[in-house]
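Asker: This is what each chain is made of:
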Amino acid sequence: MSDVLLRLTGVSVRHEVYGEDGSMSHGPPRPQEVSAELRAGEVVLLLGPSGCGKSTLTLTTNGLIPQVVTSRMDGTVTVAGVDTTATTVPGLAADVAMVFQDPDAQIVTATLFDEVCFGPENLLLPVGEVLGRAEEALRRVGLWERRDDDPEHLSGGGRQRLAIACALALRTPVLVLDEPTANLDPAGVEEVYRTLREIAAERDRAVLLVEHNLDAAIDFVDRVIVLDAAGRVVLDGPARTTLIEHVDELVALGVWLPVATLAALRLRAAGIAVEPLPLTPRELAAVLDEHPTLPPPRARSAAESTPEPSIRVRNLTVHHGRHAVLHDVSLTVRAGEFVAVAGANGAGKTTLAQAIAGVAGARRGAVTVTGPAGFVFQNPEHQFLTNRVEDELAYGMRVLRLSPAEIGARVDDLLDRLGLRELRTVHPFLLSGGQKRRLSVGTALVTRPKVLVLDEPTFGQDRERAAELLDLLDALHRDGTTVVVVSHDMHLVAEYATRLLVLAEGRVIADGPPAEVYADAAVLAAAGLRPPPIAQAVRALTHHPEWHGLTRLADLPACETAR
Amino acid sequence: MSDSILSLRSYNPVVKVLAPVPAMIVAGLSRDLWTPAVFAVIGLVMLLIAGRPRARTLAWLLAGPPLLVALLTVSFGVWTDPALVDDTTAVLELGPFTLWSGALVTGLATGLRVAAVMLLALIAGLTTDGTDLVRSMIAHLRMPYRIGYAGFAAMRFVPRFRRDLEIIRLAHRVRGVDGGRGPVATLRRYSGYAVPLLAGAMRHGDRVSLAMEARGFGAHPTRTERRHVPLRARDAVLALWLVAVCFVPHLTGVL
Amino acid sequence: MKTLTTRYLMACAAIGAATGVLLIPAFFVSFTISAAAPLAYAAMAGVWFLGPVVALAVLRRPGAAVLTMLLAGIINIASPAGPSAIVTNLMVGAALEVGFLVTRYRIWRPWLFYVMGVLFQAYYAISAYAYFNIDDMTVAAQAGFFVLLLGSTLAFIKIGLVIAGRLAAAGVARGIAPVSAAR
Ligand SMILES: Nc1ncnc2c1ncn2[C@@H]1O[C@H](COP(=O)(O)OP(=O)(O)OP(=O)(O)O)[C@@H](O)[C@H]1O
Ligand SMILES: Nc1ncnc2c1ncn2[C@@H]1O[C@H](COP(=O)(O)OP(=O)(O)OP(=O)(O)O)[C@@H](O)[C@H]1O
Ligand SMILES: [Mg+2]
Ligand SMILES: [Mg+2]
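Residue numbers (the numbering used here), protein chains in the order written: chain A, 25 to 587; chain B, 6 to 260; chain C, -9 to 173.
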């Protein structure tokens, strides 16, 4: 067919892997033998477990692999009939445009307008054409009014929309997006998807989208391609029917499903018929409303916090320069609570978390913490000090001058708990994203803090790794550690936290159990937050008011207690 | 950019950078008092009239050079070998130490030289935008545009790395890194920051390079440039003037 | 030009920007210090070698030192040295690079870094002689100036090589630095 814009034939990629002595070999193929076609007007979602090679596959579509990233590629990729290895990567820029995960790493110039012009200028288009395309692209993503601003001054969502505008300005027949919303706050995710939905509706190009957050994407994709852990295509078909008919396979693969679907599966297991399987909160609500009666939601186990306070913050005001970032914040956290701190970008979450952990910012006496506090920074690499995983864990204890025997025992114990035993001699920088994060949590845990504060521990992680980490935190919390987490991920916050603090412009505007906070639409609007998908679904129920307060999968009736 | 002929900002950046170089060399290699003093005054007057400094910069411009000169004068009074200057007058005697007027003169000359070179450098330094300089280097020095864009990228990296450095410092403090005080401990601490800072920087650079290539960077030997940094008659005048002042020392011989 | 890949350029930009960030305070301090105590200035003059040493030792490709220092210089425009920082930085970068150029980028051993550093500082000391009037100083001060200049150069080159070693161990230059180079 002539309208195939992107054709992959038997594509396998082997990345370079390095031995301890610096020798180089090629790893196992990820992805493996992928054949697929994308036609004009199609929006295709690429799914698969973490590490199966989705990002790698996107890099082959414009020749970055194998031309720039020197991994070995077998098979062929053709774009609009041109083999990607037959021309240079910049030469393909008129055919394939890409949007990457990190909005900051895509900005080259000093104003929005220059940024959008960058691509067309590289293609040597005449000035008039460059200006015309830039204007059109910026208007499409709603950033025309801000064209003279510095991209630094946009929100994360704004910067990612800018990246989309830059891709649009190239007017390519193929658009490839690799987790474009992974690093954004809820309002930013919504902004980006509103834009993507409009672009998809125009049906004038082929779109390949990699996304973990199915809840946002499911309503406008036409087709899904699913890879298994070994990187082979296992499913390729229309989005809705493929997801619904193969749901068990997908669960077994470890692919993330929409939360509404997970909820439905849980309800099915509890004996409630949920047909057809819903993919969005609205569909879930519609199915549930057809039931004349529903069992009562599970009673929440009361939060097991002791009355004794663990963190006390009194009238904390923090200035950066002349600008007050936190205004007169007072709060008490009791030992054993799991507190989530949420709020829009720039609300002061990091500042509060750092003050609580005694990292920076608090005036003497404003914050009292009983017992030692550990702090985990957003980017784990910033914290690493040594060249080996085990030394990294031992470092904090060497500072405290513990005995070598004690150090050895604790390191061994932690390596097992973090699943890093095989990697004990590896350089921390060479770990995968999820492993780095676990190691950085380990370095904070090793001194057995009574209070653990984490800044965006799920930032840039896929859901699976995020859930793994939160399970670890949950276990600590149940053992009596006070946990404070700064996070944008409403679903995870709702599932795990016993208490939710919402910050807006340096003030605490809500403080209570997540379910109560999510019930307050005014607070959510003021802080730019969205209720988690479960809450959205149950709130749309017309027949079952007793379910309206639910926010977590764990609240749903079920026969087993798995989340 | 102000376009007034009386504003140094309206002149070509490359000219502003290169034209003062001969004067800087003459000032730097001079040994008398008169030459560097003249250059310092010329530089200062040019900056005051056409540099349009903001209040804080203005204060530094006015107070900085005299302070620098005073400091050097005094410190050379201390460092200079007495054997070379003990034929001059003793200004001050403190126990075994004598402050000779000859030493002070040497110090004054050195101070004036440093001040002159600095002020001549600031003609471009205070009135030039980094991006314009790079654009002008591409247009007028034939620097490959790919290197120019690496320059733009480097400029954009700076605020990010500053923030990173700040966070790394906090993170290391939280981990209990404390090498103690003193220059050696500080140096050791900083080299500890260098590895995560540079590793993060290089990874970021790598991602940026992928994004740039995906947007066609390097597709052709040239690219469309919408902005031009002009090279005008006034730039020639500026260059001629700055070269002409190099003959000032010879004038003194005539006078 | 073919070897000047975007990836390599951005690696230089990253090291250059980090070097620039590091050198801005160095330029400020050196201006104040060189006024008050030229000896203390000699003790920190080696800091200029940090960036080019790291760039060359990590990237192991022609031009790494010069490019890195050019880009660092562009950033140092915001220092008291103004654009002459570009010239200063370029000189340091080029001086280091020359040694590798004449050995045709076949030798990457530490001694070459040290030799080039010492040669450049010898040249620099001679030009600083006139600028700072060093020949008028007491013999002790002159000796101190040379010892400190040399010491700081060797020390900072050493630090640069250590940092480069750790960066290589962290795998950051993979895909940019030639694989065949024995590390
Ligand atoms: N530049 C690289 N060098 C070596 N190995 C790599 C490189 N990039 C990716 N890999 C490895 O290749 C495999 C596939 O990685 P890829 O990033 O494509 O997975 P993914 O499906 O996008 O995963 P995720 O969902 O976590 O983003 C992983 O095992 C990864 O560790
Ligand atoms: N070191 C600093 N210097 C100056 N301003 C700062 C500094 N740190 C933070 N700020 C400002 O303080 C405000 C709050 O910052 P903070 O990092 O606490 O926000 P946040 O809620 O964590 O945001 P994000 O979701 O983006 O991480 C922001 O406007 C930020 O620009
Ligand atoms: Mg990926
Ligand atoms: Mg934050």
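What the hints contain is simulated information worked out from the structure, not anything from laboratory work. Be aware that a few hints might be false.
Within a straight-line C-alpha distance of at most 25 Å, the following computed SDA-like cross-link-like pairs (lysine to any residue) qualify [said to hold, decoys possible]:
no. : chain 1 : residue 1 : chain 2 : residue 2
1   : C       : Lys148    : A       : Asp45
2   : A       : Lys474    : A       : Ala545
3   : C       : Lys148    : B       : Arg193
4   : C       : Lys148    : A       : Glu44
5   : C       : Lys148    : A       : Arg412
6   : C       : Lys148    : C       : Ile116
7   : C       : Lys148    : C       : Val19
8   : A       : Lys474    : B       : His177
9   : A       : Lys474    : A       : His451
10  : C       : Lys148    : B       : Tyr198
11  : C       : Lys148    : C       : Thr128
Asker: All hints are to be evaluated individually against the structure, with a verdict given for each.
Answerer: Against the structure, the hints:
With a CA separation close to 23 Å, the supplied pair lysine 148 of chain C and aspartate 45 of chain A stays within the 25 Å bound. At roughly 34 Å between alpha-carbon atoms, lysine 474 of chain A and alanine 545 of chain A are farther apart than 25 Å, so this suggested pair is violated. Among the hinted pairs, lysine 148 of chain C with arginine 193 of chain B is consistent with the structure: their alpha-carbon atoms are about 12 Å apart, no more than 25 Å. Distance check on the hinted pair: lysine 148 of chain C and glutamate 44 of chain A sit about 24 Å apart at the alpha-carbon level, within 25 Å; holds.
Among the hinted pairs, lysine 148 of chain C with arginine 412 of chain A is consistent with the structure: their alpha-carbon atoms are about 22 Å apart, no more than 25 Å. Of the pairs offered as hints, the one joining lysine 148 of chain C and isoleucine 116 of chain C holds, with about 24 Å between alpha carbons and a cut-off of 25 Å not exceeded. A hinted pair counts as satisfied when its Cα atoms are at most 25 Å apart, and lysine 148 of chain C with valine 19 of chain C qualifies at roughly 22 Å. Only pairs whose Cα atoms come within 25 Å are accepted, and lysine 474 of chain A paired with histidine 177 of chain B is accepted, the gap being roughly 20 Å.
Using a Cα cut-off of 25 Å, the hinted pair lysine 474 of chain A and histidine 451 of chain A is violated, with the two alpha carbons roughly 28 Å apart. Our distance criterion of 25 Å between C-alpha atoms is met by lysine 148 of chain C and tyrosine 198 of chain B, whose separation comes to about 16 Å. Straight-line distance between C-alpha atoms of lysine 148 of chain C and threonine 128 of chain C comes to about 30 Å, which puts the hinted pair past the 25 Å bound.
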